[in-house]
Amino acid sequence: MAELHRRRNCADNLGGVVAVERAHARGLLTAPERLELLLDPGSRVPFGTLFHSDNLSQADETFGDGELDGFGTIDGRWVAYFASDPRVKGGSGGPADFLHAETFRNIVEKAALPLIYLMQGGGARIDEAMSSQFIAFPATGMGVRKVFPRRGVFLTAVLGSYYAPWNVAQADFSVMTESSNISLTAPPLVYVGTGQQVTAEELGGAQVQARVTGQIDAVVPDEVAALAMVRVAFGYLPSRAGIDPPIVDCGDSPDRSCPELYDIVPTALNRAYDVRRVITTIVDRNSFLEFSPEFARNLVTGLARMNGRTVLLIANQPKFLAGVIDSGAVIKAKKIFNLCNELDLPLLSLVDTPGVLPTKEQEHRGVMTALYEHGIRRFRPTAPKVTVVLRKGVGFAIGAMSGGDPEGITFAWPNSQICFTGVEACVRVVHRREIEESDDPSALITELSERYTGTSAPWSAAHVGYLDDVIDPAETRMRVIRAFEVTRRHR
Amino acid sequence: MSEEAHVSSTEDPGRQRLEMEREAIRDFEACRPRVEGVLSPRERIQALIDPGSFLELGSLTRSQQQSDGGGSTPADGLVAGWATVHGREIALLAEDPLVLKMTDAQVAGDKRLRILNTSAIRGVPIVYMADGQEGEWAGFPVDRGDLFGYHRYQRTEPVSSELAAPLITAVFGRCVGRAAELLMEADFVVSTQRGSLSIVPSELASEPGDQDGLFDLLVEDDREAIANVRKFLSSTPSTDDPRALGTAEMPRRPLDDSLLPHASVDDVIDGLFDEGSILSFRNQPGFVSGIGAITGHRVAFAVTGGPTPHLLNTLDVTAIGRVAHLSRRLRMPLVFVQDADGYDPAAARSPEFLRRLAVALDEVRKTWAPKLVLVTGHGHVLGSFVMGGRQLGMDYVMALPFAQIAPRDVVAFHPGAIPGDLVDGPWVAAGFGHLDEVVAPSEARQQMATFLQILSLGLDVPPPEVDRRGRYVADIPKV
Amino acid sequence: MAATVWKVLVEEGQSVKEGETIAILECMKMEIPVESPIQGTVQKIRVQPNMSIDQGDIIAVVE
Numbered sequence: 001m002a003e004l005h006r007r008r009n010c011a012d013n014l015g016g017v018v019a020v021e022r023a024h025a026r027g028l029l030t031a032p033e034r035l036e037l038l039l040d041p042g043s044r045v046p047f048g049t050l051f052h053s054d055n056l057s058q059a060d061e062t063f064g065d066g067e068l069d070g071f072g073t074i075d076g077r078w079v080a081y082f083a084s085d086p087r088v089k090g091g092s093g094g095p096a097d098f099l100h101a102e103t104f105r106n107i108v109e110k111a112a113l114p115l116i117y118l119m120q121g122g123g124a125r126i127d128e129a130m131s132s133q134f135i136a137f138p139a140t141g142m143g144v145r146k147v148f149p150r151r152g153v154f155l156t157a158v159l160g161s162y163y164a165p166w167n168v169a170q171a172d173f174s175v176m177t178e179s180s181n182i183s184l185t186a187p188p189l190v191y192v193g194t195g196q197q198v199t200a201e202e203l204g205g206a207q208v209q210a211r212v213t214g215q216i217d218a219v220v221p222d223e224v225a226a227l228a229m230v231r232v233a234f235g236y237l238p239s240r241a242g243i244d245p246p247i248v249d250c251g252d253s254p255d256r257s258c259p260e261l262y263d264i265v266p267t268a269l270n271r272a273y274d275v276r277r278v279i280t281t282i283v284d285r286n287s288f289l290e291f292s293p294e295f296a297r298n299l300v301t302g303l304a305r306m307n308g309r310t311v312l313l314i315a316n317q318p319k320f321l322a323g324v325i326d327s328g329a330v331i332k333a334k335k336i337f338n339l340c341n342e343l344d345l346p347l348l349s350l351v352d353t354p355g356v357l358p359t360k361e362q363e364h365r366g367v368m369t370a371l372y373e374h375g376i377r378r379f380r381p382t383a384p385k386v387t388v389v390l391r392k393g394v395g396f397a398i399g400a401m402s403g404g405d406p407e408g409i410t411f412a413w414p415n416s417q418i419c420f421t422g423v424e425a426c427v428r429v430v431h432r433r434e435i436e437e438s439d440d441p442s443a444l445i446t447e448l449s450e451r452y453t454g455t456s457a458p459w460s461a462a463h464v465g466y467l468d469d470v471i472d473p474a475e476t477r478m479r480v481i482r483a484f485e486v487t488r489r490h491r
Numbered sequence: 001m002s003e004e005a006h007v008s009s010t011e012d013p014g015r016q017r018l019e020m021e022r023e024a025i026r027d028f029e030a031c032r033p034r035v036e037g038v039l040s041p042r043e044r045i046q047a048l049i050d051p052g053s054f055l056e057l058g059s060l061t062r063s064q065q066q067s068d069g070g071g072s073t074p075a076d077g078l079v080a081g082w083a084t085v086h087g088r089e090i091a092l093l094a095e096d097p098l099v100l101k102m103t104d105a106q107v108a109g110d111k112r113l114r115i116l117n118t119s120a121i122r123g124v125p126i127v128y129m130a131d132g133q134e135g136e137w138a139g140f141p142v143d144r145g146d147l148f149g150y151h152r153y154q155r156t157e158p159v160s161s162e163l164a165a166p167l168i169t170a171v172f173g174r175c176v177g178r179a180a181e182l183l184m185e186a187d188f189v190v191s192t193q194r195g196s197l198s199i200v201p202s203e204l205a206s207e208p209g210d211q212d213g214l215f216d217l218l219v220e221d222d223r224e225a226i227a228n229v230r231k232f233l234s235s236t237p238s239t240d241d242p243r244a245l246g247t248a249e250m251p252r253r254p255l256d257d258s259l260l261p262h263a264s265v266d267d268v269i270d271g272l273f274d275e276g277s278i279l280s281f282r283n284q285p286g287f288v289s290g291i292g293a294i295t296g297h298r299v300a301f302a303v304t305g306g307p308t309p310h311l312l313n314t315l316d317v318t319a320i321g322r323v324a325h326l327s328r329r330l331r332m333p334l335v336f337v338q339d340a341d342g343y344d345p346a347a348a349r350s351p352e353f354l355r356r357l358a359v360a361l362d363e364v365r366k367t368w369a370p371k372l373v374l375v376t377g378h379g380h381v382l383g384s385f386v387m388g389g390r391q392l393g394m395d396y397v398m399a400l401p402f403a404q405i406a407p408r409d410v411v412a413f414h415p416g417a418i419p420g421d422l423v424d425g426p427w428v429a430a431g432f433g434h435l436d437e438v439v440a441p442s443e444a445r446q447q448m449a450t451f452l453q454i455l456s457l458g459l460d461v462p463p464p465e466v467d468r469r470g471r472y473v474a475d476i477p478k479v
Numbered sequence: 001m002a003a004t005v006w007k008v009l010v011e012e013g014q015s016v017k018e019g020e021t022i023a024i025l026e027c028m029k030m031e032i033p034v035e036s037p038i039q040g041t042v043q044k045i046r047v048q049p050n051m052s053i054d055q056g057d058i059i060a061v062v063e
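Chains A, B and C, in that order, give the protein sequences. Numbering-wise (the numbering used here), the first sequence opens with residue 1 and increments by one. Numbering-wise (the numbering used here), the second sequence opens with residue 1 and increments by one. Numbering-wise (the numbering used here), the third sequence opens with residue 1 and increments by one.
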């Protein structure tokens, strides 16, 4: 019994006060402190508290071997957690933790639990991994197999340097602090291997992920904010595929009319506006959680609630690149479609796009293939999909935004314009010769433009049922909520 | 006309006839020869079920082909129908040996088939009350069982997403011939002292059958058997109630930190399980198996204990196979408590032992339900020891601070096989992840309850199916 | 992608409300209003009409 108490004491106080102070001095929290913030008070159930490194002589200093895992609740829902513990060897992983990790993962899978990763640390212990046994890693270390409908949701918070960040790529939602960074490997290895001199921040710091790669969903100032954000994001998600997320009453009536939309969205088609204002008006108050706001800003994506139920959102942003669909937008939308497909979450799509960006740069990036694959991804989920065409819905971009999906419901606003290509493009290209040969080219242009604007109005589609309805903008919230209700699958 | 006939029925020939038929059944019951402690089939049914809940199927059935000199054959020797036990719906079949002597039982066979098939479709537990005796029919020394139902019935395994409904067999008399059938699918077999099962009539058998290890539970008399069936039904999951979570009762004598190594099985059970929740199948000094509850969670268990570490014999191993079978079919968590030195060398030499061990190992390994182990003394948790080695897929393994863990590479499971210096306390095993936790005796029950709760969260979801290449069949790849 | 400054709607020294349009840019044939994030006074205007600007360039300073 005495030995039990002694060991537990060592495990609780790893590194002593020194370790705690050292972490705080760097602006970081210790693993237990992080877990305190992440989980509901008193709910933590640690797993394998007496597990240590395979170096017996260092047992007392290495309890947890650089990782703390276990279980707890978030807002009353059971989760499993995995937290890097830099008090032991800087948080790197050793081969001895394989058995422990496997047992932990078995319980997570068996109980179909959500898994929250709190990562900070140096990846593999290089000296220990310099063995041909590393060949076993891909199958076991990358967590490739996720079993539907058993799989719990994964959320990852990056709280420091995190190398080989598979848990970010895997995650349904990921957040990093401003001072953290993720990349395949650390700068010294990059230099020795390639000669490239680069800082960790340049390689994969928060700004790089937020603006350039789009690999992270949110960047927050510090750890407290990161852990709070994990709790918030988890609140939108179901615990696992196959069940509904919690319904949260935001105190916002489903029948609320939105006349503000008349002013927010200008009728002049060439006048930009911020589509986020449309979003926050339509969805439940204060429920919009935007993903990667600084990446591919021409597409706004995220989570929100409508009448208490979680929905996924994609919306063209006219303020940026006129709201075109380009390869960046396709990358950003991929995340949303994956969540839609795997977790069966409803999708709301707000369309105002002049089309796909057809430039040389985009073609050289393979925008055509990207768009095709995007279409397949969009079609695969069977969750309810509702689309509202606010203004322009042009060409292949409208399909990319789920418009006209026969399995979804598509509404359009009265002044919307839906057609194959831009009116001006059509007039100037298709009728080029007529215009050149005309006596009064500007009158002809005006006449042709009016004709095509007329045929692009939503009425002809509505008359034959290709559009499910034309709605008054002020009714948008009501109609969308109702559309989700009638298309929701009952389990 | 009996004086019990009502006035109106004299005017109504239909109702007159109905009354006559029913009276014939009552007369038959009234004239039944009685034996002390032995109930009639209908009495057994009434003793088992919630009062008034019996819905009989085919109450007016009778034999179509009776032997000479035969009298009435009510229900053609098989009373069948549905009822509830503790509010839980079950299907019932009760054999009447008195009638079976006199009929070829074809009608009974059809009735049996109908009940079994519809109950399987509906996921309803089946209680089969077997009661037969050897006899002759039309001069042939043949057993009724062979003529039952022409063997059209085939009970299918439910797909993994569906919960199996248990088949319970209670043996009240001497059953010959269809013994294998009755045992084959049964999840729980209880017999009275009068009951026995054998394939061939006793004149042909060289010695009376050894019933040891054949039944899960052997009791004195009819009432005790029925009480145990009732308890089994209320202690196990059903399709309406897949967790069968009961109210959490305190153990009779909770474990505290003064517990010594090699505590007796009684001390462990009294300290770990909810009071009054135990239905033990095998109860021997040093070994108890059965079903019980821990903070309301229903589990199937096997416990070994002191005063010296137990050695498992053939019957122990058979019993472990049976509780693992229950765990697998009914998706009940499996709990092992180890204080064992391995297998009894005397028993382990026989081929019979090996075969039973193989069956038990297979059942333990295959069960998808949560599997937990607690080592209270000597433990073999690192390999494929049948009471919960890691290789058999144990989900959560705990040990008390004074546990002695045998290292996993030791193949021999008998005392003296392991050099003393390789057996150690639990610290190294816990350090390397072979054990998941070391707990004080006072913490053991709560820790077990917490992990039962966590692991049971996944019981609502069908177990993953893995194809030949080890890929999860239902995997949806990321688009 | 670059945008062009189409119109500047305020002068240095002018006080503006939160959300008031300071300038309008043009990009890909869209008029994009740039709004003041706060209420205050325009200290400095860094752009002129027809100037080409990139993401991150400062348009005006309001305090």
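Please keep in mind that the hints were generated in silico from the structure rather than gathered at the bench. In this text the structure is predicted, and so the values were computed from the model without any measurement. A couple of the hints might just be wrong.
[Stated by the list, open to error] Derived DEER-like restraints, expressed as beta-carbon distance ranges:
#, chain 1, residue 1, chain 2, residue 2, range
1, B, D241, A, A169, 54 to 60 Å
2, B, A227, A, V224, 44 to 50 Å
3, B, V428, A, E178, 39 to 45 Å
4, B, P242, A, N13, 27 to 33 Å
5, C, W6, A, V212, 24 to 30 Å
6, C, G56, A, T185, 28 to 34 Å
7, A, H364, C, E18, 38 to 44 Å
Glycine included, every Cβ here is placed at the ideal spot set by N, Cα and C.
Against the structure, test the hints numbered earlier, and report the numbers of the ones violated in rising order.
-> 1, 2 and 4
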